[in-house]
Every structure is written in C-alpha cells, then in structure tokens.
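Novice: The chain contents come next:
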Amino acid sequence: MRSFFVYGILLAILLSACEERVNIQLKYEGDKIVVNSLLQPDSVAYVRITRSVPANVYDESGFAEIGNAQVTLLQNGVAMSPLQQQTIKGRNYFVSKEKVANGNNYTINVTAAGLTPVTAQDTLPPAPVASDPVAKRSSTRIVFTLKDRPGAADYYRLRVFAYGPDNLPDTMRNFRLDPAFNNNLIDVITNTHYPSLIIDDTRFDGKTVNFVLETEHPINAPRMMIEVSSLTCSGFKYFRTVDMQTRNGGVLITEPFTVFTNVRNGYGIVAGINSQRLEFSTE
Amino acid sequence: MSLAGKLLTGILCLLLCFPLKVSGWDWQTRVTVVVKDQPLRVVCEILEKGYGIHFSYSRELVDLSRKVTVTAHQQRLKSLLEQLFAPDDIRFTRVGEQLVLQQIKRSTRTISGYVQDGVSGEKLPGATIYAPTLKQGTTTNQYGFFSLTTVKDTNSLIVSYVGYEPALLPVDGQANRILLVPLQPLASLQEVVVSGTDKTKIQDQTQMSKVHLPLAAVQSMPKLLGEADVMRTLQSMPGVGGGMDGAGGLHVRGGSPDQNLILMDGTPVFNFSHFFGVYSLLNAEVVKSADLYKGAFPARFGGRLSSVVDISLKDGDMRHYHGDVAIGMISAKFNVEGPIVKDKTSFIVSARRSYPDLLYNATLRTDGEFGKGGAFYAYFYDVNAKINHIFSPKDRIYLSLYKGEDNLLIKSVPDSIIPDAIGRMTESSRFQLGWGNTIGGLRWNHIYNTRLFSNVSLNYSQYAFRTEYEFKYKLPASEQVSDLYGKYFSRMKNIGLKADFDFRPSPSHAVRFGGAVTAHYFRPGLMNLSDKGSTSVIPLDTAKNWLNIRGTEMLLYLEDDWRLGENLYANLGVHASGFAVEGRFYQSLQPRLGLRYMLPRNWAVKASYTHMNQYIHLLSSAGTSLPTDIWVPSTQRVAPMLSRQVAAGIAKTSMNNAFEFTLEGYYKTMYNMIEYANNSTAIDQPLERWDENVVIGKGWSYGGEAMIKKQKGATTGWIGYTLAWSTRQFPDINKGRIFPYKYDHRHDVEIVLTQKIGKRWEASASWHYTTGAPLTLPVASYHGAGTASPWDPGSGVDVGIDRYDGRYNYRAADVHRLDVGITYSKQKKRWRKSWNLSVYNVYNQKNPFLYYMKRDGDEKQRYLSKVTVMPILPSITYSIKF
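Sequences listed follow chains A and E, in order.
If you read the first sequence in the working numbering, its first letter stands for residue 656, the second for the next number, and so on.
If you read the second sequence in the working numbering, its first letter stands for residue 416, the second for the next number, and so on.
Be aware that one or more of the hints could be misleading.
[Unchecked claim] Among the chain A residues that face chain E by a calculated CB cut under 7 angstroms, a handful are:
1) 873
2) 914
3) 922
4) 924
No wet-lab data here; the hints were simulated from the structure.
C-beta atoms are modelled at their ideal positions from N, C-alpha and C, and glycine is treated no differently.
Let the sequences and hints guide you as you build the complete structure.
Specialist: Below, the structure written as structure tokens:
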C-alpha cells in the first residue's frame, strides 16, 4: 500500500500546478481617451468618456472619467446640439438633446486637455424581428422566433433577464444556445453559460428560426425578458472580441484576443444598436 | 666510385645540407622523408634532389596530385615507394638510373551484402564497411544493405557499428555473392554514440545537418517518470527545440511541429505523441535507431518543410527468443522477439500501457463516485508487431503493424437519483475521448545484383480523434427530460506505395532513385448532437461542418553521392512531386544539393541548398500540437508551403575518434504558411471555409549550431549550443510587421553526459538551458461598453478590456533544468535485471508553462502570473531482459 501512496503523492505533484507572481514593469501606451457609446434609434445618445490605465491597475469602481472632455456629436457630418453632462447612477455621461434615428451616420469627436483628440463613427441597424417567447417554469428552455432579413448581413446580441420582486427585469441570467439546437458537442462538454450571446446570421440568413435557449439554472421567475439586439458590423466585432477576450481569461497559451475598436487615436466603441425586448410570463 | 670518392661526396653533401645524399641508389637504400599534406609529386622531388632518384612518367597518365603525409626515417626505399604508390595503383620499375612510373589498369569488383547482429540476426543500418589501405568505404542503408565497388585485389574490409566489436571481413573470392556480415555485440554496457552515422567519421559524409540516434543514446538519457523517449532525446540536439515545458513538440530550425515528417519504418505518422505530447508514440525499446535531418534533405525525402525523423524499428531476433519487461512510474511494458523459423522468419511484439487509472480504480475509487454501473479509465497504450521473413538471400519481406491510443472514459450511473443544486436528476452520463494512430507497412527488399538493391513498400497510416457524450437527466418540476447524445470525429489517413532503389555503379557514385504514390483521405470535423428527450429540438442548421476530401500525391526522386575529385564530393539530387486535389493539381521540382570539400587535418567543409514542399496544412489554434488538430489539403486560396534552406558548416573527428565537432550555419525561408487571423480560432469557424479564416504569410529562420561530442571511453556525451532567430510575417497580424515565431529562442545550450562506473553502474545527466519565448502582454486597460442607456437592464456592469498592441512585446523567463539518472544492471544466469533511478528537474526550477494576467480580488491587484507544471520528479524503473 505504501508504494501506492508514494505514487499518489508523486502524481499529485505532477498534476498540481504551481503559480507565482511575476514582478515586471508592464509597458504602457500612455493615457488615452476612451469613448463608449451604443446608439439606440429613437433614443438620446449617452456617451461615456473615461481614461485608459496601465494593465496592472486594479480598479473595481470603474475607470477614471474625464469630466472636462469636449464631446461633439455629428449627424451626417453636421454637429448636433451640445451634449450635456449628467450623472446617472453615480456615473458621468454626456447626453444628447436630440434623439438619434435610423438612416443617419453619427460621429463623435472628443477632446480633452493633455490627451490626443479622438473620433469615431457608425450607423444604426434596423430593428430585429423577434416574437413568441415561451418558457416553462422550472425548466431550462426558452424558445422565441427570430425572423432574419434575407441577403443582408445581420448581427445580433441576445440577453436574458428575470423579473425580480420590483417587477423589473433586473437579474441577468446566464444562458447558451441549447446544445441540440446549436448542434454543438463542445457546448455540452464545456458546460458553460454566458450572460450574452453574440451571433451573426451566417447559419440562418433570411430564415425564420425558432431559437432555443438553455438557461444555466431552471427558470423560477414568473416573468422573463429576452433582449434581442441588432448590431452594426462594428458593434458585432466589438462585442464578439470582448466576449472572446473574456472567455480566454487572459491565459497566454493561445494568442490573446484583440478587442475591436473604431475610435481613432483612442479606445472604446461607438456603434449602433437596436434592441427589442420580449417580455413574457412563464408557463 | 671509390671509398674516398664516397667520403668526399658525403662531406660535400654535409656542406650542402643534404645529409643523406648519395650518388647511387638501390632498393635497400635507406631514405628519410618528412612531409605534411604535400602532393606525391613533392615527395618524388625530394627523393630526386636528396638521393638522385630520377622519376620518369607521363603527367597525363600518372596522377601524383594526391596529398600525403609521410614520416619516414631511414626507411628502405622500396618499402617507402610501395607505401606511397600502392593506393593509387602506380607501378614503379627501375630502368637504369631512372624509376619509371606507370598507372596500373586494375579491374574492380563489387562486394555487397548485409551487416547484421551476430547474435540476433538484426540488420544494422548505418554500419561502416571500410578498406583501410584504399581509404575507401561505404555505409549500410536503412535496411542494413551495402554495396562497395573496390579494386580486385583488396584483401579485406573492416566492418564496424556502434556497440559491436569491429570485424575484419576477408573478401577474396567473395565477389558477386551476397555476404552476411555478423558483428558481435560488446559485452559491456553499450557505448553511447550520437553521430553522423556511427563510426563513419563525420567529415567523411557529404550529408550535413543530420543526427543519428541509436537506441543506446535514448536509453542512456535520464528518464521522465520512468520513460525513455525518442522525441525527448532529439530535443536535446542543437537546432531542435521543444514546445511548452513538459510537452514534446519538435521545433526544428524555427519550423513548427506540423513541418516535421516523422517516418516509422518508412510510414508517415500524423501525431507522434501520447498524453498531450509528454511521451512519444513509441516504446523506446523497439526503436533500432532514429535519424533526424534538420536540413540538407536527401532527395528521397519530401512532403514537409523543416525536418525528417526517420525511425527504424527492430526486426526481431532470427535465432533466439528473448525480450524484456519493465515497469516505471507511469507505464508497464513488455517486448518479446524470436525466430518463427530459425534464420528464416522472426517476429517481434511489444506493448505498453499506462496504469495510473488501474491503481486509482483498485485503491482510491469509492463505490459512490460513479455508481455501480460507472467506470473510469484514463490511459494510453501502444502495440507493435512485426514479422520478417527471408525468402532467399536476395528477397526479404517485412510486415509491421502499430496501434496506439490515448483514451479517457468517465461513465456515471448513480445508484440513487438525487437532485443536484439546480434540481436536475442525472440518470446517467458518459464522456469518452480518444485519439490514436493505426499504422501498417509491408516491405519487400530485393537484391537484383551486387550493385542494385530495392525496397518496395505499401504503407497505411491513420490518425483518428473521437469524442462521445451521453447525458440523460430530468427536471421533475417541469417534466423536462433530456437525453443528449453527441459525437465528434476526425480522421486523416494515407495509403501509399513506394519503390526505392539503391544503385552503386562505381566507387565514385552511390545512386538512389525511386517514386511513390500516396492517397490522402481527409475527413475531419464530423460532429452531431441530438436530444431524444421529451421535447424535440429542431437544430438551427443541418449544414455540414466537416470535410471529406481525397488528394493524391506522387513523387519521383534521384540522388547521387558523387566523388567529384580527390577532395571534393557532392550529393546531387532532385525531388519532383505533384498533388491532385479537388480538380486542382500542384507540382514542384525541388533541387537538393550537398557539397563537401576535404581540408588538411581531417577538416571537412560542407554546404547544402534544398527546397522542400508541403501540400498539407495543420489547423491549430493553440500554437502547440493538440490531439484535436486537423490536417487539410491545400486549396485554391492556400497554396502548398515551400521552404528554401541553405546551410554551411565544418566537421571534424579527432585522430582517435574520441571527439567529434560540428559547426553549422543555416538560413531558411518559408512561404505560404498559415495562421488563424486575429480573433479567429479553429473551434468557432466553419471548417468548410477554413481557408477564409486564415492568413497566409512567410517565415524566416537563421542561426548557427555547434556541437562537440565525446564518443569513446567511460565518459561520453555532448555539448550543444544553438544561436537562432525565427520570425514570421502575415499581412493581418501585428499590423503586417515581422514578429518572432512563438517558440523563437535566441540561445539554447544542451549538455548531456553519461558515465560508466564499473561493469554494473551507469550515471547520466543532462542540463538544458534556453532563453525565454516571446510573450504578448497588454499595454493598457480601459472601460468597456455594455448598454445603450444607463437606464437599460444590465447597465452598470463594469467590463475591463485589455489593449494589445501587436505581438510579442515581452520575453518569458529563461528555462533551465537538470535531469539525472543512474542505472544499476546485473547479469544473472538467464536474465539481466536493471534498476534506474531518474530525477527530472533536480533543483526544482520553476519553469513557465503559461502566463496570464491575474485579477486578484483578495489583494485588489492585477499582475502577471506564471504557472509551472513540472517540478522535481523522481522516478524508478525496474526492468528485466531475458
């Protein structure tokens, strides 16, 4: 028996990886303006301006805002009314007076003292056509219908929310495409669920599809909401690459994923998004 | 002449500083001549000036340009002349006071046969056959065959091979017969020699950039968890790098693992590893020898860019039954061989299996873990079998089979169905994962005559990866029942027919030629998943995400090892190949050129220039070899890969053959290499359109390798040093700028030593040092966006994004490690036992396996973290040979 224990200990040494901190000075590109704005048709624009930090900075409360930034919103190259700073839920936003609308091109220019001015632009996507959400309580399946435009490249983001005691969709639920629906064995083996799903229409272009989602935990809320958002190509690239970088967890076996940005001379994203929210009661 | 006259002449000679000058001469005249590396003509001039011996000859007919080193003090004239002129077949005759030189027209004869182990009858590839007086020789080919055309009156040849007593082979009357030359194995522990081709001096081969590895070298290395390993030994050679710490990938001269052609008895192998690259596919005990070509590729090889590993397996003892049994920390194995019909037919069978899962099942597993109907297995195994039959002295046939797999099975059937944390009641689950190779070969060796040998082979090689998953559960509250079954399957296979001919038309030429046809079958990425539960789910799409492609590769080659002059040798070759796939046809003509020029003092200068072509590509997104990697053929968009390599170097063996020294430099360019574009991976892209998701680029590798080996005596080993650069350039990666290869290591040092201690003990140590690999780290972090409005559901969630600016802005920590081993062997009456104690990573160096940016919530810090997986690992192996 002793030899078995010796063997077991040695095997455990092999299999138990050792980890230690590496003290190196990480390179830093220098402070840059970060612009984040997702433009929803028929809504005012909310623009958040922050400052980049070195990669080793641990900041739980959010990245430093640039309060004195000059933010300009242009519609088809024409400046819109000056944006107003508003503090919402403890955060500073630059908010437009006018609503943005489909069929236009929007540009956001930002300047700030001591920093290189940045600019970014995008259009707005059409609204998605989603309907008929269904879910049975205590099950893990949600079904809804999505009608895709034929011949056009469409991009989507899906999120699932449960209604809480305040009757608000305030709890984001992790989910994935049902593995049988997705015909993907890897999903089953890895057994991971995510707060959002970023997908293009390569597999269902022009079709009306009954999407089947599988939630991580059984559905117990009386009401649920599926948010189906159309994205522009820039928005799709951004969310997809953020998703991949997050899933990779920074492990440097494979090459790290570079997050897409359309902000020239800075970081962040300015992209159109068009969300449709399907609220429904569970059966 | 009178006595007085002679005295006077002698005095005059002394005065004129010609100490031994005489006015007349005869055959008994004692002469003194000391020259170093001078043409024969100079010796004649010295004799003429010093002793009045006038040489008469035609410069057109008699060649006196051969350089000689002579140290003759008071030697009889006739014996000196015989010594000088015999190798060149020059006859000398006295006519009056003149010595007339004539070129003898001598006929030649060809001696051919096999060199084999005198005890087992095992054929010995790379053995040397040498005529010492003529300074002429050859080596056996990979089947142990040799053919040497020499002058007719050659009396004997010396035949030698590492680990065997050299033999003197009388050749009188042996012409036009096929000889069997038995060599007796040395009684003591085998001498470890890693060299060009054993005792052939490295400067006597035109082939460069080659390492020959006999079984003894593999066995003498310190073991990792009790396993001797071919690939791990090859990694300790200059110019060869491993991948991640603990993994066994071969990166030869800046090439990636998919650019290595690994041949097992001539059959290509797709994936040469067990246990995610930690161990080689093969039990080292069945390996006879391995040749690694890093450059200067002979024309007979093709199909990969960066290296050829040509492994010869044992054929089986023709006379005696014997074998060995061994158990280490990870696996147990046996090997049995012997005659089926003595001196006619032999067999060898070997098998190996890892056993930790058996121990776990027997001792640690509890009944409740997987249920009574459950099971757990995690193991690798391999089985080798070979039959070798001699039909006639001219015909011999080999049939070999290999099967090796890695398997994992986790099957759970709970005895009582209890809801889990989310209320799910699992009825059963099964996860099975496996991959492996199936290889078969049928070879026929035929000797047409003493100068022409052929090998015709039919090869089959298959690599398959499969996963199966079953999961049956129910959610009672919602009556949801799920019965999932899915599988993923990938298979690549080759069926090939090849004919190789070895032709020795004259002493100055060794010609090889041949051709092959290989059918490639690619069937990767077949996946399906279905749910037979209560609710039927219609899949999103039924589009296939797998390939089923057949390609045909054909090749012809011709090479000639040619002695161009006294000191100049060439290996000239051409390799022509074509590849037909999906209605397209690719072809290439690949020149192979090697040159050698002999300098004084046994120094050889070598140079080579080669082209290599590769028609198949490996889709790998991890930067290292994984079982899931997929081979695909070239497409309309992705053309075959091409490399050009030029190498130059010097080589020398010391006078007593104890030391061998090589120094080589190389420059290699690689074209049409593929890499997944930024943010694409093999997993998330449709396989049908794989070529749209890769970028096509170039690579450059250059550097130098030095190696000094001690190959005689109680202490043997080598010191190798590599200085190398390897870079890549892809249009959409790193903004189109050149960046280092993932495993670009600037400096690499390998020290391997083996020490015999008495008759029973042998100690070995190897120290490895390499500078850090490139690493990409973020250059900033910033806040990410989540929602359009702060009032939207899900807003306020912070998303931190890392900014990367190009590839490889850092270098990982240097890697170094000391491994040691000691073996005790004792011969019993009928068997020999041995114990080996090895310690991997003796000083427990924490070498990096991977890095990641850690977000430490407890410390509220973010920093780079290094993960180490291979600490100090002692192991014991016990083996018995009988």
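Novice: All hints, please: hold or fail.
Specialist: To see whether the hints hold, each was checked on the structure:
no.: 1; hint: 873; verdict: holds, 6 angstroms
no.: 2; hint: 914; verdict: holds, 5 angstroms
no.: 3; hint: 922; verdict: holds, 5 angstroms
no.: 4; hint: 924; verdict: holds, 5 angstroms
In summary, the structure agrees with every hint in the numbered list given earlier.
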